[in-house]
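Protein chains in written order, with the numbering used here: chain W, 1 to 446; chain U, 1 to 400; chain P, 1 to 343; chain C, 1 to 253.
Hints are computed from structural coordinates only; laboratory data are not their basis.
Since the model is a prediction, treat every value here as computed from it, not as a measurement.
It is possible that part of the hints are untrue.
[Unchecked claim] Not close to chain P: a few residues of chain W, all C-beta gaps over 12 Å, as computed:
hint: 1; residue: A33
hint: 2; residue: G94
hint: 3; residue: P188
hint: 4; residue: G308
hint: 5; residue: M433
[To be verified] Think about it this way: if two alpha-carbon atoms lie no more than 30 Å apart in a straight line, the pair counts; the simulated DSSO-like pairs of lysine-lysine are:
hint: 6; chain 1: P; residue 1: K55; chain 2: W; residue 2: K307
hint: 7; chain 1: W; residue 1: K334; chain 2: P; residue 2: K308
hint: 8; chain 1: C; residue 1: K112; chain 2: U; residue 2: K7
hint: 9; chain 1: P; residue 1: K79; chain 2: W; residue 2: K166
hint: 10; chain 1: P; residue 1: K308; chain 2: W; residue 2: K199
hint: 11; chain 1: P; residue 1: K308; chain 2: W; residue 2: K404
hint: 12; chain 1: P; residue 1: K79; chain 2: W; residue 2: K329
hint: 13; chain 1: U; residue 1: K7; chain 2: W; residue 2: K166
hint: 14; chain 1: W; residue 1: K404; chain 2: P; residue 2: K77
The C-beta atom is built at its ideal place from N, Cα and C for all residues, glycine as well.
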Amino acid sequence: MTNKLTRRGLLKTGAVGGAGLALPTIFTSGANAFTNEPTGGTVTLGFNVPQSGPYADEGADELRAYMLAVEHLNGEGDGGMLNTFSSKVLEGNGILGKKVEYVTGDTQTKSDAARASAKSMIEKDGAVMITGGSSSGVAVAVQSLCQEAGVIFMAGLTHSNDTTGKDKKANGFRHFFNAYMSGAALAPVLAKTYGTDRKAYHLTADYTWGWTQEESIMAATEALGWETVQAVKTPLSATDFSSYITPVLQTDADVLILNHYGGNMVNSLTNAVQFGLREKVVNGKNFEIVVPLFSRLMARGAGENVKGILGSTNWHWSLQDEGSQAFVKSFGTKYGFPPSQAAHTCYVQTLLYADAVARAGSFNPCAVGEALEGFEFDGMGNGPTLYRAEDHQCFKDVLVVRGKENPTSEFDLLEVVEVTPVGQVTYAPDHPMFAGGALGSCNPGA
Amino acid sequence: MLGLNKKDATLLGVVAVLVIFAPFILNPFPQDSAMAQFNAGYPDLMQRFVIFGIFAIGFNILFGLTGYLSFGHAAFLGVGSYSAVWMFKLLSMNVIPAILLAMVVSGLFALLIGFISLRRTGIYFSILTLAFAEMSFRLAYSVLTPITNGETGLQLTLEDPRILGQTATETGGIPVTSLFGMEMRETATMYFGGWSFQFNNGYYMCGVILLLAFYISIRIFRSPFGMMLRAVKSNQQRMNYTGLNTRPYTLAAFVISGMYAGLAGGLMASMDPLAGAERMQWTASGEVVLMTILGGAGTLIGPVLGAGFIKYFENIFSKINESVLHSWFHALPDGLENALIWIAEHFVGSGWHLTLGLLFMLVVTFLPGGLVEGGQRIGRLFSRKKQADKKTATQSTPAE
Amino acid sequence: MDAIILQILNGLDKGSAYALIALGLTLIFGTLGVVNFAHGALFMIGAFCAVTLNKLLNLSVETVDPTRTDFLGNPLKVKTPYVENWFGPEFGHAIIDWSVPLAILFSIPIMIAIGFIMERGLIKHFYRRPHADQILVTFGLAIVLQELIKHYYGANPIQTPAPDAFRGSFDFGAMLGFDPNTIIYPYWRMIYFAFAAVIIGGVFAFLQFTTFGMVVRAGMADRETVGLLGINIDKRFTIMFGLAAAVAGLAGVMYAPINSPNYHMGMDFLVLSFVVVVVGGMGSLPGAVLAGFLLGILESFASMNEIKSILPGIDQIIIYVAAIIILLTRPRGLMGRKGVMED
Amino acid sequence: MGILEVKNVGKRFGGLQALGDVNLSVAENSVHAIIGPNGAGKSTLLNCLVGKLIPDTGSVMFDGQSVLGRTPYEINQMGISRVFQTPEIFGDLTVMENMMIPCFARRDGAFKLNGIKSVESETEIRDRAEAMMEDMNLAEKRHMHAASMSRGDKRRLEIAMCLAQEPRLLLLDEPTAGMARADTNNTIDLLKEIKQKRDITIVIIEHDMHVVFSLAERITVLAQGTPLVEDVPEKIKGHPKVREAYLGETAAA
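Go ahead and model the full structure; you've got the sequences and the hints to work with.
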């Protein structure tokens with residue numbers, strides 16, 4: 001690897017000014033057309049992922065995907081999805097001929113730390129785009145930072161409706177699906193599998209992502225005839241969910257919906273199975289558990305407990321389309337195991353950004369944003385996809401998955417039950433769950 | 001000078017020089033060199049050094065002087081941040097009212113919590129403060145979301161009413177924080193050979209406030225009030241039997257240090273108008289405790305050093321990734337390069353916590369007085385006059 | 001009624017975990033006077049003893065199965081654990097299945113050794129240092145231990161199941177004469193409770209009825225006097241540290257099947273265990289145990305829907321509310337001794 | 001009327017009657033000793049006087065005002081200072097600072113937020129502290145940390161700190177406990193000198209009869225929580241009850 005140290009793009013012009021005091025240039029008004037305009041032979045991207053805290057493994061997987069994407073953009077490796085991507089402007093010579101370099105940082109899955117890390121990438125390293133993250137709080141916080149600083153934010157794993165709903169920003173873009181889509185995709189499958197006469201009990205992580213998911217799933221299932229018996233908020237810091245699970249037994253609910261992610265999901269699911277919920281028969285029906293947002297990485301922690309459990313996911317490595325196969329192949333060859341959905345969305349986001357720059361012919365965030373808005377593409381693993389202009393959300397097929405009964409390996413935990421077509425998960429930009437907030441206008445910074 | 005003795009005035013002067021020239025001092029390596037990774041002279045980190053310095057100075061007024069170990073000080077920082085952001089949302093983007101409100105609100109909050117918690121001493125006091133702070137954090141993260149915006153953190157939107165000022169700029173963006181029109185985020189960059197130095201308005205405003213806060217802290221340390229606080233730490237029983245009521249002294253110290261925390265929180269929000277709930281979590285309270293002890297509790301400059309040390313590792317070491325390591329060692333033979341990278345990887349990037357943990361252990365084991373003691377030892381090494389006894393004992397000594 | 005019984009059971013179960021951790025912590029913190037921020041890490045390491053044994057038993061020989069393919073389309077490598085090769089598939093599988101109970105035996109010497117090394121190598125030098133220094137050094141140690149675990153096991157939770165026979169739940173209510181299926185409780189949680197009771201009883205008996213325990217208790221009360229009697233109190237304190245580490249470790253081993261262990265579970269429990277110890281009262285072992293159960297039960301009740309609907313968010317803060325009320329009404333917690341860590 | 005009037009004071013600890021029915025009157029500007037065997041209730045009585053303990057029954061009047069229900073610092077502000085059995089001083093502070101604190105307390109009362117003025121500029125307080133140190137032979141040690149001084153010096157400092165407040169009543173709790181004979185004699189001389197120089201009432205609790213008989217003008221003998229006799233030293237020496245209850249032990253020791 002010959003990556004040199006990254007540095008402010010500004011530097012080169014400055015250095016030309018030579019020794020002695022060059023005229024001070026003002027960050028916010030002056031020489032550059034936009035923040036961190038890359039003027040040398042390289043361009044710097046900022047990969048801001050959780051490296052400590054509960055999502056560190058997911059962050060590590062995201063980072064692997066980013067490194068792979070950088071390789072492919074720079075023309076190294078087998079090219080991965082560049083070969084299957086419907087847009088063909090990327091030539092493997094970096095972005096607009098500039099070699100891609102990157103810096104990394106640790107979000108710690110905390111808004112403050114994530115912003116600090118992103119700021120250092122912008123201020124110190126001259127990053128022209130920030131991407132990554134594994135939670136919605138961080139995504140929204142970093143997105144608004146990027147809006148103010150005038151760089152593009154390509155969200156990583158963030159599932160909350162708010163990211164492209166009330167907290168959407170002109171400089172921010174999300175490829176990952178959201179809670180509404182989970183509900184829209186999952187509900188019909190649930191109705192088909194478990195019947196329309198069901199009583200659901202929700203356990204919901206008590207913070208914004210949990211609430212939006214609860215709201216989405218509740219609306220989607222109720223529309224199909226389900227009844228919501230109770231929705232209970234659980235503290236984020238909870239590790240033992242027994243005292244939230246046992247009250248379920250006291251109601252006549254016959255489905256438990258776990259609006260939890262990460263460690264919370266592992267623990268609540270494990271606890272629910274321990275309490276024998278899955279062997280229970282209520283109202284003459286088998287009791288069922290649903291985990292609306294599945295993460296394969298996290299599902300490993302729940303082991304056998306995920307078997308037969310329905311949920312949704314953005315992408316899964318077992319998909320047989322060309323794009324997915326190409327990505328799994330180059331990722332698997334390089335790292336020895338298949339990529340996670342977080343890795344997939346991060347890889348795709350990097351390519352989409354590069355492609356948009358190439359099509360726009362400029363790194364200017366406004367030009368890039370314009371190129372991404374309304375962009376239709378294919379060959380990235382989820383079928384034909386639209387980057388909608390109104391809210392910067394990608395619309396694509398959503399996967400409904402089930403915990404696999406007989407896994408062949410430690411990675412083979414989920415099986416795809418249904419690929420929900422994009423039409424079914426599309427909603428109007430002014431849907432009430434996404435109301436409030438506005439994109440505003442794009443900010444190029446300088 | 002300024003009512004300080006010569007030694008303190010010198011210390012203040014040194015700190016002032018460091019603050020003014022920080023953009024140079026923290027950027028010792030040319031941009032192109034392999035060592036540039038260690039440069040810390042960019043606005044965000046410099047602001048953080050200064051703001052956490054203020055936080056730690058304030059904490060030290062309580063802990064260093066009275067010995068009362070509060071494990072909930074982050075709550076005041078958080079409350080200060082929320083107040084400031086609300087001020088930006090409702091009143092104006094000027095930082096002055098925001099910072100003032102932050103100090104007032106956190107002071108009142110500290111008065112309430114201090115009044116209750118100071119009924120107990122020792123570990124019982126620590127746990128009471130911890131309990132209050134954790135409660136604040138958990139409620140802010142969940143039930144109080146309408147006020148705090150929960151997980152994401154309170155931020156500015158395009159719909160804020162803002163009585164004195166515009167809701168949105170002409171270009172449709174959110175206005176930025178300023179000091180009477182001087183934008184906090186504005187940065188002038190100076191190029192000099194391979195170097196580039198950044199001078200940021202926000203940083204210099206924080207710097208001025210740090211100097212002020214440091215000056216006040218020196219005055220408190222040297223005042224009869226400061227002496228009383230040290231007496232409280234030394235022997236509460238004798239205080240009582242000397243006709244002194246310890247409670248108002250400790251409460252005053254608690255409120256003052258709570259206001260310092262609020263000031264830090266307000267500044268943080270002024271530099272970056274987003275207030276996340278995590279800054280009230282026990283880990284954040286623990287961090288300022290660690291900063292103070294690491295630097296040297298009860299010393300004037302120690303807490304600032306401790307704050308800088310921890311923030312440096314958090315922001316610089318966490319960013320050193322594999323490709324950076326490769327660029328450092330690429331001149332070496334492949335086998336050696338890989339071996340070195342394999343070792344180094346444990347300590348940088350995602351392993352930055354490990355380095356920090358090890359350094360905590362090393363510092364506290366070998367430098368019982370914290371980083372300040374390290375500095376003193378080096379100083380003694382260089383000044384060959386071994387007249388240690390010449391040093392008067394009037395200076396405050398590290399906690400023992 | 002059955003709802004209340006269930007929450008009491010939940011509370012006892014949570015309480016057992018809190019009490020066990022607090023018991024170990026109070027041996028070090030409440031009695032030796034060392035503020036041990038690494039105690040949570042000891043609990044975590046205990047849980048990872050179970051994970052490690054599970055992994056060791058699952059060490060496998062790889063054979064290629066040409067009829068099946070892996071995710072890249074290459075022939076699938078099938079793993080067969082060595083123990084199954086050595087002892088036959090059935091017995092081998094049973095050994096793996098019983099890895100958590102086996103880990104109890106496995107963890108005791110390891111945890112005692114870790115406790116000894118910690119005390120002799122590090123903590124010993126900090127007995128006479130201020131509490132602040134103890135915080136810094138033990139916090140540093142906790143970070144180091146935690147990062148090492150993260151490095152080898154990753155950050156995600158790792159499932160460590162209980163033996164098959166104990167994985168289900170049983171109808172506790174039917175035993176007490178309630179309607180069937182109203183009070184169902186998992187076997188393993190019942191076992192955890194019983195286990196905690198045995199360990200707590202064992203530690204108390206050890207300190208109460210042995211000469212060693214007597215000297216240690218005397219040492220807690222007045223270290224210098226006991227030292228003057230020519231008794232080597234330091235050595236005994238080392239053993240105490242080992243004991244505390246073992247108690248924390250065992251609490252962790254047994255906890256692994258309840259919630260999959262991850263590297264920062266220690267930090268999650270750390271603050272809570274300090275609250276438990278202090279609410280119980282410094283220097284009081286029964287106080288710590290009592291506080292553990294009390295807070296566990298309160299937490300369970302606070303998460304009942306009926307209570308949450310009156311006071312939203314109460315389950316988030318109940319432990320801290322209870323701690324504040326107890327510490328304000330009882331200056332030294334439930335059963336604290338005078339003069340321990342009060343200044 | 002004495003300056004200190006103790007009437008019918010009783011105090012129980014659980015099943016133990018620590019103080020039965022104590023009556024005591026201390027005349028102004030006298031030196032009054034309270035003696036008695038171990039466990040006689042001397043310290044309990046003292047603690048009742050300074051507000052550390054609240055008696056179950058009876059009253060304690062100082063200069064016509066009740067001290068009961070007041071906190072130790074309020075009682076101190078009334079003019080009662082106490083010297084402890086083991087010197088209670090500010091170990092982490094210098095001798096000079098130790099001396100300044102009671103001077104501040106005397107000038108400013110129980111609390112004053114003196115946060116801006118520097119200690120250096122408080123000349124009035126410094127002068128007083130200096131004078132007091134001069135007086136008590138502590139001036140040379142002004143920059144020493146109090147904790148590093150000898151026990152005798154610590155005692156001297158503690159007494160100096162009490163006197164700096166100009167109390168009207170000085171309570172001494174076994175001031176010579178654990179001291180060598182020479183130190184004890186020094187302390188006796190010191191106390192005599194203090195008494196000579198100022199108008200002050202001294203109540204002393206003591207084990208050492210040599211100290212008691214060198215200083216006291218009146219002596220109260222306490223046994224099992226009740227006063228046995230109260231009289232001038234000469235009478236006490238020969239009193240059969242006292243011999244029986246108390247002196248017999250010490251004579252043997």
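To see whether the hints hold, each was checked on the structure:
no., hint, in the structure
1, A33, "41 Å, holds"
2, G94, "28 Å, holds"
3, P188, "29 Å, holds"
4, G308, "16 Å, holds"
5, M433, "22 Å, holds"
6, P:K55 / W:K307, "21 Å, holds"
7, W:K334 / P:K308, "50 Å, violated"
8, C:K112 / U:K7, "27 Å, holds"
9, P:K79 / W:K166, "49 Å, violated"
10, P:K308 / W:K199, "21 Å, holds"
11, P:K308 / W:K404, "36 Å, violated"
12, P:K79 / W:K329, "22 Å, holds"
13, U:K7 / W:K166, "55 Å, violated"
14, W:K404 / P:K77, "19 Å, holds"
The earlier numbered hints that this structure contradicts are 7, 9, 11 and 13.
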